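Build the full structure now, drawing on both the sequences and the hints.
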Amino acid sequence: MQNKTTLSIYVDGKKISAAKDDNLLDILNKNDFKIPTLCYHKGVPSYGACRLCSVEIKEKEKTKIITSCTYPIRTDGLEVFTNSSEVLEIREMIIKLLLAKTPSSEKIKELAKTYGVESEDRFVTDEDKDKKRNKENLCILCGLCVRTCNDVLNKGAISFVNRGIDRKVAPPFEEPPKECIGCEACSVVCPTGQAKTKIQDSRKYIDPWGAEFDVIKCGNCENLYFFTDQTINEVNYKTKSESELNLGSVNEDSEYARYCPKCKRKLNIKNFKDSKTLI
Amino acid sequence: MKKKVISICCGTGCNASGAGTLFSNLKKKLNNIKDIETEITVKNTGCHGFCEQGPVMVIKPDNIFYRQVRPEDADTIIEKSIKRNEIIEELLYEDPTTGKKIVKEEDIPFYQSQQRLLFGYNGDINPRDINDYIATGGYEALKKVFENMNQEDVIKEVKDSKLRGRGGGGFPTGKKWEAAFLTEEQDKYIICNADEGDPGCFQDRSLIEGNPHLVLEGMIIGAYAVGASKGYIYVRHEYPLAVNNFSHALKQAREYGYIGENILGSGFSFDVKITRGGGAFVCGESSALVASIEGKLGEPRDKYVRNTEQGLWGKPTVLNNVKTWASVPFIINQGAKWFTNIGTKDSTGTMVFSLTGKVNNTGLVEVPMGISLQSLVFDIGGGIKGDKKLKAVQTGGPSGGCIPENKIDIPLDYEKLTEIGSMMGSGGMIVMDESTCMVDVSKYFLNFTQEESCGKCIPCREGGRQLVEILNKITQGEGKEGDLVLIKEVSKTMQRGALCNLGRLAPNPVITTLKYFKNEYLSHIYDKHCPAGVCKDLISYSIIEEECRGCQKCIKSCPVDAISGVKKEPHSLDQEKCTKCGSCYEVCPFDAILVK
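Line by line, the protein sequences are chains A and B. For the first sequence, the numbering used here gives the first residue as 1, with consecutive numbering after it. For the second sequence, the numbering used here gives the first residue as 1, with consecutive numbering after it.
Just so you know, the hints here were simulated from the structure itself, not pulled from any lab data. Careful: at least some of the hints might be erroneous.
Unchecked claim - Distance condition first, Cα-Cα at most 27 Å in a straight line; then the derived DSS-like pairs of lysine-lysine:
1) A:K109 to A:K168
2) A:K178 to B:K296
3) B:K315 to A:K42
As the list claims (entries may be wrong) - Not everything, but these chain A residues come out facing chain B in the computed CB check (under 10 Å):
4) I16
5) A49
6) R51
7) K64
8) R167
In this text the structure is predicted, and so the values were computed from the model without any measurement. Built from N, CA and C at the ideal position, the CB exists for glycine as well.
Next comes the structure, spelled out in C-alpha cells:
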C-alpha cells in the first residue's frame, strides 16, 4: 500500500485526522459520532439511498449537505457539522417520510423514538392506499440485499425493478430465482426484517423471493444445520485454490465444508493438538 | 443557367403534417418537366424552427417562404413559383398582429429577432449529405485544430469563449475539458448527451436530425482536446430519425476520414458509438447516463467524485449536451473573442429555446443569451393566443420555475434565472395565459418528476410522492391549514437532501408558484375555489338564464344528459348529474354557461 496523505478535518469543532480518500462516515463512526444509517453496511459498497447520514460540510466558505457514506475526504481543514439545524431538519423529515412508507416497521419506529420524531398525519401511508398488500411490507428500498447479492456475492438473484414509488426488489420475472444459493446474506443485512429466512422441517425458505432449499446435515455429527448444497458448492468454488492444500484428516474438501461449525472447530482443535496443518 | 433550391423542412414536426409526401411529389413532378431553363434542386432539410406553421418551405435564392404547404400544392408551386416566378398568396405567412402577408423568410418577425447560429444551416443542408455540410464550411474547424493547435490551445480557446454547459447546469465547458485533460489516465471518454426528456423540448433532437455533422465535428475536436479515443452519443430511442441521421453521418464521416484511425493524417484516432436510451428521464442525469451506457440500472450516484475523474468504466469522461458540442466548431472557426461578443458577460453565445404553450408562434427559437423574456414571448413568439393575458412562463422544463408576468422583463441568462427561482435547464419554455391554474400546473410538473424519479433516494421518491398527494388534496378541495408549511418543509428536504438534481430541483415549480401566486393556493385551501376555473372539484357549471336562447346545442353535447329544456326557452343544468366535462361551455354560442 502506498502511503496516503494525512489530512485534518474538524467535526463539530473537534480536530480529527484522516487519510486522503477515507470514507467520511467510517471516520465519523471511528470517532464515536452518532450518525444514523439504514442503507449503509461496512462490508457492502456505499450507495447513498437513505440520505440519513447527511451532514453539513463547509468548503471555501460555502456550506452544503452531503451524505457521509459516499463522501471521500479530500480537503485538508474540511469542516463537518453532524448536528446543524439543516442536518436535523433533513434527518427529521426523512424519518417522517419513512414512518409514512412503512408504519409497521419496528426499526423505523425505534429510529423515530431515538430522534424524537413524530409521524406526520398529513402524509399518505402505503397502508392507507392498499391495506392488504402493504400491511406486511417493511421494505424501505435501501438496496442492501441487492448490493450484497450482486456486488458481494456476484449472484444477481435479485434486483430493483420499476421506478419511482413503484420501485421494489424482486428476482427476475418475479419467479423463484435460480441464481439464489440460499446463503441468507440478504436477510442478514436487511435493516427492517423484510428479507426473512426461516427453516422448517429441514427446508429453508428465503421468504420474499420465494426460494426454497433443503438444509444439509453435518457430515460429522449428522445434526441439521443452516447451509444448503448450493452454498457449499459456492464456497468450494471460491476457495478452490486453498482447498487444494493439505486437508488433514479430511480427504475430500467438500466433506470438510459440509461439517457444521461445531464439528469444524473440534476437528481443528484435534489437528492442532496433533500438530497438523490447520484447515 | 439559373438555379433554384426548394428547401422543405422534413423535421419530425413538419414530416408529421405531410412534408415527406410533399417532398416526393415535388421531386417526381420536377423530373417530368423538361421545358424550364432553371436548374432546380429539391432538398429535404432539418427543422427550420417555425413548427407552428409546418410544413414550411423556402424557395431560394429569393427566400420565398411558404407555410402550411400540403402535398397536393406541389403542382401549383411548380406552375406558378417555379415556372412563372409568381408568388402564391395563399401560402404566404400572415402577421397575426398587422394582418399583412410576408413574402421573405427573413422578414417574418419570428425569425427577425433571432440569432441563428447552431440552427443557422438547418434550413440549407440535407442532413444525410456530408457534402452539404462541407459546403457550409463544415470540418474547417477540425482542419484548423489539426494544423495549428495543440490540445492546450483548443482548451484555452474554449475556456476563453466562456462557453457553458447547455444541458442546464451551466458548468464552464473549458474547465471541464481541462480537468479531464490533466488526469494521468490514458483511456478517456467523451459523451454527447442527447437524452432530451423535458416535456415539449425538441431542440437537441432537431439539431441532430438536421445537422448531425455539426455535433460530430464538435465531439471530434473535444476528443482531441482531452485526449479521448472513444466517444458515445446517448440518444433517446424515441428519436428514430435522430438515430438514423446520426448513424448515417458517422458512416459518411468515416468514409471521408473525419473519424476513425489517424484522422486527416494527424495521428489522432477517434470513433463514436451510438447508445440508445430506454426512455427514462433520469438517464439525462450524467451519472445515470454513464451507468446506463455501462449496461447498469439507470440511476444516479453521488458525484463527490466527478465524471472527469472517474466516469464511464471508471475512466475520466467529458459529458456535454448536444448544443454544447455544436457550439465548439463556431468557437474554433471564429475565435473565442467573437463568441464572447454574443450574449452577456457571463453567459456567452446563443441559447435555443423550445417555445410552446399559449403563444402565437410556437417552435424552436435561437437567441443570444441575455435577451429579455418579454422580447422572446412577444417579438418572436408573437404574443399570447386569442387576446388573452399572459400569466406566467415556465422555463427550464419540469424542474424549472414559473416566472410571473410582472418579472417578464428579466434577461435570459444562467444567473438571473436562478436568482428568481427558475433555471435555464435545457431550454424548455412554456407560456401560460390567465386561464391556467398555477396549483394545477405545479401538480402537473411534480407528477411528472415523481413518475420519472428513479426511486433510489428517499427525499425524491417519498418526498415527491407526498408533495403530489398534498397538491392533489388541495386541488380536490381537501386542503387544510398547515399544508403550505408542510409543502415548504418537504421541498426543503428534497432541495438539499436528494441525491441528484432531479430530486433537488423537482420542488421548483411548487416553490416558485407559492412565491408568486400564493393567493391561488389560499383560495383553493380556504375558499374551496379555483380562481382560474380549472380544478374540477372546485368549480361548477350553471346556465345564465338571461343569456340562454334555448338553442339546445348544450343538450346535444352533454354526455350525461345533465341539461334539459325545450327549444327557445332557457335550459337548466342538473348539478347532481354534471361531470364537469366542460363540453357545454365549449359549444355554447351565446356565452350562457357560467363557470364558478
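Going back to the hint list, which numbers does this structure go against? Number 4 only.
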